[in-house]
Amino acid sequence: MKKELLKFLLFSVLMLLVPLALHGSYLMNVLVFVGIHTMLAVALNLLLGYAGQISLGHAGFFGLGAYLSAILTTTFGFNPWLVMPLAAVVVGLIAFLVGFPILKLKGHYLAMATLGLGVIIYIIINETVDYTGGPSGLSGIPNLAVGTFVFNSDIRNYYLIWTAALAVILLAVNLTNSRVGRALRAIHDSEVAARVMGVNARLLKVQIFALSAIVSALAGSLYAHTMTFVSPASFGFNFSVELLTMVVIGGLGSIYGSFLGAALLTLLPEFLRSAQDFDIIIYGGVLMLMVMFMPGGLVRGVPELLKKMLGNRGGVGNA
Amino acid sequence: MHFRAIVFFIASVILLINSPVFAAAPIKIGALFAVTGPAAFLGEPERNTAQMVVEEINKAGGVKGHKIELIVYDTTGDATKAVQLANKLIKNDKVVAIIGPSTTGETMAVIPVVEKEQIPLISCSAGSKITEPVKKWVFKTAQNDALAVGRIFDQLRKQKLTKVAILTVSDGFGSSGREQLKAQAAKYGITIVFDDTYGPRDTDMTAQLTKIRNSPAQVIICWGTNPGPAVIAKNARQLGVKTPLYMSHGVSSKKFIDLAGDSAEGIRLPSGKVLVADLLPASDNQRKSLLVFIKDYQRQFKAEGDHFGGHAWDAVMLLKNAIEHGGDSPASIRDQLEKTTKFHGIGGTFTYSAHDHAGLGQDAFVLVEVRNKDWAIVK
Numbered sequence: 001m002k003k004e005l006l007k008f009l010l011f012s013v014l015m016l017l018v019p020l021a022l023h024g025s026y027l028m029n030v031l032v033f034v035g036i037h038t039m040l041a042v043a044l045n046l047l048l049g050y051a052g053q054i055s056l057g058h059a060g061f062f063g064l065g066a067y068l069s070a071i072l073t074t075t076f077g078f079n080p081w082l083v084m085p086l087a088a089v090v091v092g093l094i095a096f097l098v099g100f101p102i103l104k105l106k107g108h109y110l111a112m113a114t115l116g117l118g119v120i121i122y123i124i125i126n127e128t129v130d131y132t133g134g135p136s137g138l139s140g141i142p143n144l145a146v147g148t149f150v151f152n153s154d155i156r157n158y159y160l161i162w163t164a165a166l167a168v169i170l171l172a173v174n175l176t177n178s179r180v181g182r183a184l185r186a187i188h189d190s191e192v193a194a195r196v197m198g199v200n201a202r203l204l205k206v207q208i209f210a211l212s213a214i215v216s217a218l219a220g221s222l223y224a225h226t227m228t229f230v231s232p233a234s235f236g237f238n239f240s241v242e243l244l245t246m247v248v249i250g251g252l253g254s255i256y257g258s259f260l261g262a263a264l265l266t267l268l269p270e271f272l273r274s275a276q277d278f279d280i281i282i283y284g285g286v287l288m289l290m291v292m293f294m295p296g297g298l299v300r301g302v303p304e305l306l307k308k309m310l311g312n313r314g315g316v317g318n319a
Numbered sequence: 001m002h003f004r005a006i007v008f009f010i011a012s013v014i015l016l017i018n019s020p021v022f023a024a025a026p027i028k029i030g031a032l033f034a035v036t037g038p039a040a041f042l043g044e045p046e047r048n049t050a051q052m053v054v055e056e057i058n059k060a061g062g063v064k065g066h067k068i069e070l071i072v073y074d075t076t077g078d079a080t081k082a083v084q085l086a087n088k089l090i091k092n093d094k095v096v097a098i099i100g101p102s103t104t105g106e107t108m109a110v111i112p113v114v115e116k117e118q119i120p121l122i123s124c125s126a127g128s129k130i131t132e133p134v135k136k137w138v139f140k141t142a143q144n145d146a147l148a149v150g151r152i153f154d155q156l157r158k159q160k161l162t163k164v165a166i167l168t169v170s171d172g173f174g175s176s177g178r179e180q181l182k183a184q185a186a187k188y189g190i191t192i193v194f195d196d197t198y199g200p201r202d203t204d205m206t207a208q209l210t211k212i213r214n215s216p217a218q219v220i221i222c223w224g225t226n227p228g229p230a231v232i233a234k235n236a237r238q239l240g241v242k243t244p245l246y247m248s249h250g251v252s253s254k255k256f257i258d259l260a261g262d263s264a265e266g267i268r269l270p271s272g273k274v275l276v277a278d279l280l281p282a283s284d285n286q287r288k289s290l291l292v293f294i295k296d297y298q299r300q301f302k303a304e305g306d307h308f309g310g311h312a313w314d315a316v317m318l319l320k321n322a323i324e325h326g327g328d329s330p331a332s333i334r335d336q337l338e339k340t341t342k343f344h345g346i347g348g349t350f351t352y353s354a355h356d357h358a359g360l361g362q363d364a365f366v367l368v369e370v371r372n373k374d375w376a377i378v379k
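Line by line, the protein sequences are chains A and B. Just so we're aligned, residue 1 is where the first sequence starts under our numbering, counting upward by one. Just so we're aligned, residue 1 is where the second sequence starts under our numbering, counting upward by one.
Hints were generated in silico from the structure; no laboratory data involved. Hints are supplied without guarantee of correctness; some may be wrong.
Simulated DEER-style distance windows between Cβ atoms [as the list claims (entries may be wrong)]:
no.: 1; chain 1: A; residue 1: 178; chain 2: B; residue 2: 192; range: 57 to 63 Å
no.: 2; chain 1: A; residue 1: 273; chain 2: B; residue 2: 134; range: 31 to 37 Å
no.: 3; chain 1: B; residue 1: 51; chain 2: A; residue 2: 305; range: 39 to 45 Å
no.: 4; chain 1: B; residue 1: 136; chain 2: A; residue 2: 305; range: 31 to 37 Å
no.: 5; chain 1: B; residue 1: 132; chain 2: A; residue 2: 267; range: 35 to 41 Å
Just so you know, even glycine gets a beta-carbon here, dropped at the ideal spot from N, CA and C.
Could you put together the complete structure from these sequences and hints?
Here you go:
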């Protein structure tokens with residue numbers, strides 16, 4: 001446990017120091033999104049990596065959080081800080097209620113059901129034009145503020161988002177190292193065995209689903225207030241798949257892996273931008289190679305690769 | 001294991017691609033287009049055109065002796081990406097102005113960024129709310145939906161038709177059109193007797209059309225971009241619907257006629273003049289610009305220049321004029337843009353002012369009809 005805490009502190013210090021190197025660069029803006037994506041990937045990883053339950057509808061929860069915050073603060077003039085927990089609770093409740101029937105399903109059927117859920121949420125957002133502004137989106141969402149201090153620049157948003165992201169990571173690390181975390185992993189390996197050992201598998205699965213949705217909704221609220229604009233296209237099926245890719249590429253069942261996955265999938269397109277029209281091909285190729293050669297994700301694959309390379313150097317180094 | 005060799009190779013390729021092109025203090029202009037993704041039909045001709053025009057300007061000696069450097073990024077039609085890339089253009093590439101984005105959603109997302117950083121933006125998307133209310137740093141070249149709606153309603157009033165059925169696509173383009181159709185109907189004494197939507201990827205609209213057939217509608221107005229409207233045209237023909245069909249300017253390209261085939265005959269739509277440039281009278285002010293654009297585009301890309309590309313053509317030329325009249329600082333470009341009067345472009349004749357950053361009048365649109373698989377102007 002001490003080791004985990006040390007790791008977390010090290011990671012926090014690292015993330016809080018990054019702006020010193022990149023201050024003023026547009027990458028600060030990209031890193032804000034890395035933070036949001038990290039929250040989402042960690043949330044999905046709790047469900048997929050630990051409890052072994054797939055979800056293709058997480059973009060929906062993300063979108064619900066974003067739109068609840070956007071509509072309540074912009075159209076109805078509520079205080080953003082009040083709306084955020086409210087949105088999280090509402091989305092959590094929805095997830096809790098739908099979770100019972102949906103999480104009875106397994107494998108492909110669960111994937112289908114969560115996919116359906118995501119699509120339904122997307123359609124609702126897209127079609128209730130009077131409230132959501134429909135496909136052309138909702139603009140003029142206020143920035144978050146404490147007194148007269150407004151979170152309206154990249155650097156301020158960076159610290160805002162990363163404070164939240166680090167809190168989510170700490171929560172996830174603690175959770176997975178607790179009795180609940182072990183119960184989740186037991187469900188992952190064998191639900192029957194877990195139930196025999198006295199784990200209330202059905203309830204626990206729904207609870208973790210709801211928690212995952214709550215974190216996603218929180219990320220959504222923060223997204224809405226940093227972007228100050230939301231449109232349904234950001235919360236479609238594609239984004240659910242992207243989140244899934246982040247979790248898998250980063251490493252299933254590893255919290256820091258989720259960060260790596262989120263960082264890679266968000267930053268890689270930026271670095272490939274200079275390759276012009278070929279960026280998509282290179283991007284796809286990189287992802288394919290990673291899945292082929294690092295099936296355990298970045299968090300396990302990279303140390304292995306380093307070991308191999310260092311071993312190689314030791315052998316050929318003197319030649 | 002040749003890892004190091006591979007890593008070295010990749011690194012050198014990236015360095016090679018990244019190496020800057022040396023030129024004497026070029027003026028940097030950024031562009032955000034949805035070159036890939038669902039809005040690629042907008043982004044691709046826009047990028048092609050922008051690059052073509054900039055190349056021609058540079059070949060002719062640039063603007064006031066400076067070459068223009070155009071930096072194009074692909075937003076894939078995603079608002080989040082558009083915001084990131086706008087930041088990149090401003091903070092990394094230090095551009096003096098930005099052209100695009102291609103869709104209304106992306107433009108609305110980018111507006112807070114350019115307003116804060118004080119960089120002029122010339123959007124290539126149509127949504128009315130981009131320039132209403134007027135934002136200090138934001139202009140646009142695409143014709144407002146309001147003008148297209150007005151053009152259709154004008155014709156209906158002439159023919160004394162008052163009962164209208166509207167069928168709009170459930171995306172940004174369609175919902176903006178629907179809003180305008182409903183808002184302007186009363187002004188022209190028109191009642192909307194039927195109002196329904198369809199999904200952008202729907203492949204059968206007989207359900208909606210059957211309902212319309214049973215309604216008292218005298219005219220059907222469909223608001224969408226390819227391929228939906230072509231499906232509606234075909235379905236209407238199959239069902240034997242005799243009610244006249246109007247489309248939006250979203251399908252004003254040859255592609256629509258190709259997709260709808262025989263069913264397109266007799267369909268009317270408001271369109272930018274680029275579609276019928278050769279049919280325009282010689283007295284038309286835009287004729288010269290239009291013919292140049294069409295000829296250049298044909299030569300360069302072996303394809304028909306459409307009005308989407310035209311939005312980018314207008315944006316680049318407006319910027320060029322602004323820089324010619326003033327300096328190349330963002331503030332000066334903005335001020336000069338606002339002073340633009342009677343610029344005869346592809347989308348229409350632009351006159352910007354402090355109260356109007358859209359710059360076009362109803363004359364930007366002509367009403368065209370499909371006759372013998374080609375366009376004809378409705379008098």
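What are the numbers of the hints the structure violates, in ascending order?
-> 4
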